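Using the hints provided, position chain H relative to the given structure of chain F.
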Amino acid sequence: MNPEPPEEHGERGTPVGRRVFLGTLALGALGVVAAPPLQRGLENVLGAAAGKDPTGLTGLLPNGGGFRYYSVASSVPHRGETDYRLTVDGLVDRPATYTLADLRALPQTRMVKDVQCVTGWRVPDTPFEGVRLSVLLDAAGVRAKAGALRFTCFDGTYTESLTLDQARRADVLVALRMQDKDLGHDHGGPVRLYVAPMYFYKSAKWLSGITVTEKVRPGYWEDRGYDVDAWVGRSNGRDDEPTS
Amino acid sequence: MTRIPRFTRAERWVHRTTALLMGLCVVTAAFLYIPEFAQLVGRRELVVRVHEWAGLALPVPVLAGLASRAFRADLGRLNRFGPHDRRWLRAALRRDRRRQERPAGKFNAGQKVYAAWIAGATLVMLGTGLLMWFTHLTPIQWRTSATFVHDWLALTIGVVLAGHIGMALGDPEARRGMRTGAVSREWAEREHPLWRR
Numbered sequence: 001m002n003p004e005p006p007e008e009h010g011e012r013g014t015p016v017g018r019r020v021f022l023g024t025l026a027l028g029a030l031g032v033v034a035a036p037p038l039q040r041g042l043e044n045v046l047g048a049a050a051g052k053d054p055t056g057l058t059g060l061l062p063n064g065g066g067f068r069y070y071s072v073a074s075s076v077p078h079r080g081e082t083d084y085r086l087t088v089d090g091l092v093d094r095p096a097t098y099t100l101a102d103l104r105a106l107p108q109t110r111m112v113k114d115v116q117c118v119t120g121w122r123v124p125d126t127p128f129e130g131v132r133l134s135v136l137l138d139a140a141g142v143r144a145k146a147g148a149l150r151f152t153c154f155d156g157t158y159t160e161s162l163t164l165d166q167a168r169r170a171d172v173l174v175a176l177r178m179q180d181k182d183l184g185h186d187h188g189g190p191v192r193l194y195v196a197p198m199y200f201y202k203s204a205k206w207l208s209g210i211t212v213t214e215k216v217r218p219g220y221w222e223d224r225g226y227d228v229d230a231w232v233g234r235s236n237g238r239d240d241e242p243t244s
Numbered sequence: 001m002t003r004i005p006r007f008t009r010a011e012r013w014v015h016r017t018t019a020l021l022m023g024l025c026v027v028t029a030a031f032l033y034i035p036e037f038a039q040l041v042g043r044r045e046l047v048v049r050v051h052e053w054a055g056l057a058l059p060v061p062v063l064a065g066l067a068s069r070a071f072r073a074d075l076g077r078l079n080r081f082g083p084h085d086r087r088w089l090r091a092a093l094r095r096d097r098r099r100q101e102r103p104a105g106k107f108n109a110g111q112k113v114y115a116a117w118i119a120g121a122t123l124v125m126l127g128t129g130l131l132m133w134f135t136h137l138t139p140i141q142w143r144t145s146a147t148f149v150h151d152w153l154a155l156t157i158g159v160v161l162a163g164h165i166g167m168a169l170g171d172p173e174a175r176r177g178m179r180t181g182a183v184s185r186e187w188a189e190r191e192h193p194l195w196r197r
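The listed protein sequences derive, respectively, from chains F and H.
All the letters of the first sequence, read from the start, carry residue numbers 1 to 244 under full-length UniProt numbering.
All the letters of the second sequence, read from the start, carry residue numbers 1 to 197 under full-length UniProt numbering.
No lab work stands behind these hints: they were computed from the structure.
Since this is a predicted model, take the numbers as computed values, not measurements.
Incorrect hints may have been included.
Derived, one-sided and incomplete: chain F residues facing chain H with beta-carbon distance under 7 angstroms [as the list claims (entries may be wrong)]:
(1) R12
(2) G13
(3) V16
(4) V20
(5) G28
(6) L30
(7) G31
(8) V32
(9) Q39
(10) Y70
(11) S71
(12) V72
(13) A73
(14) G120
(15) P124
(16) T126
Stretches of chain H that chain F covers, calculated by requiring three or more beta carbons in the stretch to come under 8 angstroms of a beta carbon on chain F [claimed, not checked]:
(17) 43–56
(18) 77–87
Note that CB positions come from ideal geometry on N, CA and C, so glycine has one too.
Next up, chain F with everything else stripped away, as it sits in the complex (with noise of 0.2 angstroms):
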């Protein structure tokens, strides 16, 4: 004999799933509500401990702090020393190639920046260091009437630009070093691009080859929507802290 009587006897119960589910959404809702100062918070905390992690799986959580990987290419080959080429051609009076050795002989310059990427993710105060855009500029003789900049890879898919005038800052570089390591593939070595004060998408990896052109040509992800004046904070529809 069971002590209770069989369900859908008699009276039908109480409708425990539909507020379970109501409740959820509603939470859902509270939750996009009350999320700034909600990740302010964990954003601290979860720094704080990011940086005592031996197991690095803080950096697993969101805003656990740290770089996080992305390709749109499905591989991409490896370059070094005896095969990396950056390649300075376009609307220039003297177009140039250059190994890693012919950068690295180029007067560096350090920087201690914040980085932040469009997808919310920010990693405080990362050294880089390498040569200024503007150097290689210089060095090619920039014809009058170029007015951007287009950038290509070598994992053969992404590409970036920028204007002339963007190009020729100093907290924009040709970045051989991040974090006071030479760039390992993952973080898009030997040779990056490191544009400070625009999100990270900008700072296209694999950097090989930097074209002068007359006008902006929208690079990789700004074909698909993303904005080519891309400053950090006042861009892409976000209000993050200017990182330069």
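Quick look at chain H alone, frame taken from chain F:
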């Protein structure tokens, strides 16, 4: 041994297609989110597209299932909680595994709570996902907030889903019920004694 019908063909297809779409969402999410997997796969644009469309399609099987009388009847059973469900939940909280403390109809209270929660969570994911997808249609702060909720709820769903799959792995006859539509009388009487067939 006699087999007792538990799920109709329509219900099993609702479960199968929902599971497939949820699986796609979880796998693509891992490729987007976990650096080691992202390095393995790359092709970020394609993975994002699959994730978005799988997510958009996720509620479709359940909505289509509403055409089935059996499916609607089971939704009704999942919704309604009786005194035996309260007893089941109390026992579960105490980690009391004695059978007489776990009375259940066609669905036990744990299955009922899971069904209601995952349905709500799926819609929250859909809503926040749409806010992230159509970035230029919503105000600034909405999108950042939606990303925050989407990320943390994704993690929670991952854990709960692992629990759901773990329970199924531990109960071959329950899986047979979902696969073939029928279960043994002995299993039904043991696991779901209050199920009126």
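Now for the hints, and whether the structure bears them out:
At about 5 angstroms, the closest approach between the beta carbon of R12 of chain F and any beta carbon in chain H falls short of 7 angstroms, and the interface hint on this residue holds. Restraint check, G13 of chain F versus chain H: the minimum CB separation of about 4 angstroms is within 7 angstroms; hint holds. Taken as an interface hint, V16 of chain F checks out: its beta carbon lies about 4 angstroms from the nearest beta carbon of chain H, inside 7 angstroms. With a cut of 7 angstroms, the hint placing V20 of chain F at the interface with chain H holds, because the nearest CB-to-CB distance is about 4 angstroms.
A cut of 7 angstroms between beta carbons decides the hint on G28 of chain F: the least distance to chain H is about 3 angstroms, and the hint holds. About 9 angstroms separates the beta-carbon of L30 of chain F from the nearest beta-carbon of chain H, more than 7 angstroms, and the hint is not met. Among the interface hints, the one on G31 of chain F holds; its C-beta lies about 4 angstroms from the nearest C-beta in chain H, closer than the 7 angstroms criterion. Below 7 angstroms, beta-carbon pairs count as interface contacts, and V32 of chain F has one with chain H at about 5 angstroms; its hint therefore holds.
About 5 angstroms separates the beta-carbon of Q39 of chain F from the nearest beta-carbon of chain H, less than 7 angstroms, and the hint is met. Hint status for Y70 of chain F: holds, given a least beta-carbon distance of 6 angstroms to chain H, under 7 angstroms. Annotation: interface hint on S71 of chain F holds; nearest CB of chain H at approximately 4 angstroms, less than 7 angstroms. The interface hint given for V72 of chain F holds, since its Cβ lies 5 angstroms from the closest Cβ of chain H, which is under the 7 angstroms cut-off.
Checking A73 of chain F against chain H: minimum C-beta separation of about 5 angstroms stays under 7 angstroms; hint holds. Look at G120 of chain F: its Cβ gets to within about 5 angstroms of chain H, closer than 7 angstroms, so that hint holds up. Evaluation of the P124 of chain F hint against chain H yields a violated restraint, the C-beta minimum of about 18 angstroms exceeding 7 angstroms. Interface restraint check for T126 of chain F: the shortest CB-CB distance to chain H comes to about 16 angstroms, outside 7 angstroms, so the restraint is violated.
Given as covered by chain F, the region 43–56 of chain H passes the check, having 3 residues with a CB less than 8 angstroms from a CB of that chain where 3 are the minimum. Evaluation of the coverage hint for the region 77–87 of chain H: fulfilled, as 10 residues show C-beta separations to chain F shorter than 8 angstroms, against a requirement of three.
The structure is inconsistent with the numbered hints 6, 15, 16, although it conforms to all the rest.
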